[in-house]
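Asks: Whenever a hint applies, use it, and build me the whole structure from the sequences.
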Amino acid sequence: MSKAKGAIVVDKEKCKGCEVCITACPHQVIGMTSTVNAKGYRVASMVLPEACTGCTNCALVCPDGVISVYRLKAASVA
Amino acid sequence: MESIDVSMDINEIIKPENLVYKKSSLFEEKPFSYCPGCGHGTIQRTLMEVVEEMGITEDVVGVAPVGCSVTMYEFLDIDMLQAPHGRAAAAATGLKRVLPDKYVFSYQGDGDFAAIGTGESIHTCNRGENILVIFVNNGIYGMTGGQMAPTSLINMKTSTTPYGRKQEQMGSPLKITELIAQLPGTYYVSRHAVHTPAGVRKLKKAIIKSFELQKENKGLCFIEVVSNCNSGWKMTPVKSNQWMEENMFPFYPLGDIKVDGKLVK
Chain A
1 MSKAKGAIVV DKEKCKGCEV CITACPHQVI GMTSTVNAKG YRVASMVLPE ACTGCTNCAL
61 VCPDGVISVY RLKAASVA
Chain B
1001 MESIDVSMDI NEIIKPENLV YKKSSLFEEK PFSYCPGCGH GTIQRTLMEV VEEMGITEDV
1061 VGVAPVGCSV TMYEFLDIDM LQAPHGRAAA AATGLKRVLP DKYVFSYQGD GDFAAIGTGE
1121 SIHTCNRGEN ILVIFVNNGI YGMTGGQMAP TSLINMKTST TPYGRKQEQM GSPLKITELI
1181 AQLPGTYYVS RHAVHTPAGV RKLKKAIIKS FELQKENKGL CFIEVVSNCN SGWKMTPVKS
1241 NQWMEENMFP FYPLGDIKVD GKLVK
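Taken in sequence, the protein lines are chains A and B.
The end of the first sequence is residue 78 by my numbering, with every number in the run present.
The end of the second sequence is residue 1265 by my numbering, with every number in the run present.
The hints are all genuine.
Stretch by stretch, here's where chain B covers chain A in the computed footprint (C-beta under 8 Å, at least three residues):
1. 3-11
2. 15-25
3. 64-73
Straight-line Cα separation of at most 30 Å, DSBU-like style, residue types lysine-lysine; simulated pairs:
4. 1023/B x 3/A
5. 1030/B x 1015/B
6. 73/A x 1202/B
Calculated directly from the structure, the hints in this document are not laboratory data.
Cβ atoms here follow ideal geometry from the backbone N, Cα and C, with glycine treated the same way.
Replies: Have a look at this one:
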């Protein structure tokens, strides 16, 4: 498998559910939860985790910086 | 992430050694007070990334404006000053003159820089003070309730122009960036947007370049960021970004306007 494997972690309580990350994701990895956080926002989460490449696009456009991105190095992916 | 099925695979990826992106540590724990999807957060995040990566945390002083970002010093863990309406560029001048070794930036909106503080802004640019001005243009007075700003587009509906801005009555939108690029004091003038990852990367490069030029005392560096105001424009964040692409960019084209003291556009 040549594609890098990635994952995101969203700080749920600080996410404001603006959905800008959804349009920035090239692989449609991100969707909104049906539940809300303490402020009443639906928050971003991974709906298609296997497609994530860890490209950091979602984190770059996130106005509140709530997304952390992790990526396995290509060599370590079996 | 309770809402999704967290497989073992994901847990193998989410390990400290695999971390490739995280918000800069130069932010306080306090969440931003901006509306969901507002460009202010993205711009300030990019700015803090640059400050952290350049290792100039102790040497940077910012000036906050009046507007939505009036309390930006509460979120950023750097030295900051807050100037009265429109006077951030003048306050930054004073700061830079008494502390010439510091990196000084002012962060201003269009109501602040291009309307209330036009006098201070233009003369600061004309004097060629060695500061960086970050000018956030969303074509509206965001904080006070979405009134028309000098930068509002023709036919743009705001709370004070409910039938749209009319040129014959309210004049034309002010391209202050092109205007100050004509002045000999400005050295680097550039226009950006932060609604796409590519735009954020370009803005980051521009801020790095501006701080490097400031170290060489080249003159004033000016970065305009065309941004959205989804609350003022009465749109969702994603829709407002589309509206910005379709309406703002034709009038405020992105790219460098002045590089190395020479007009390129």
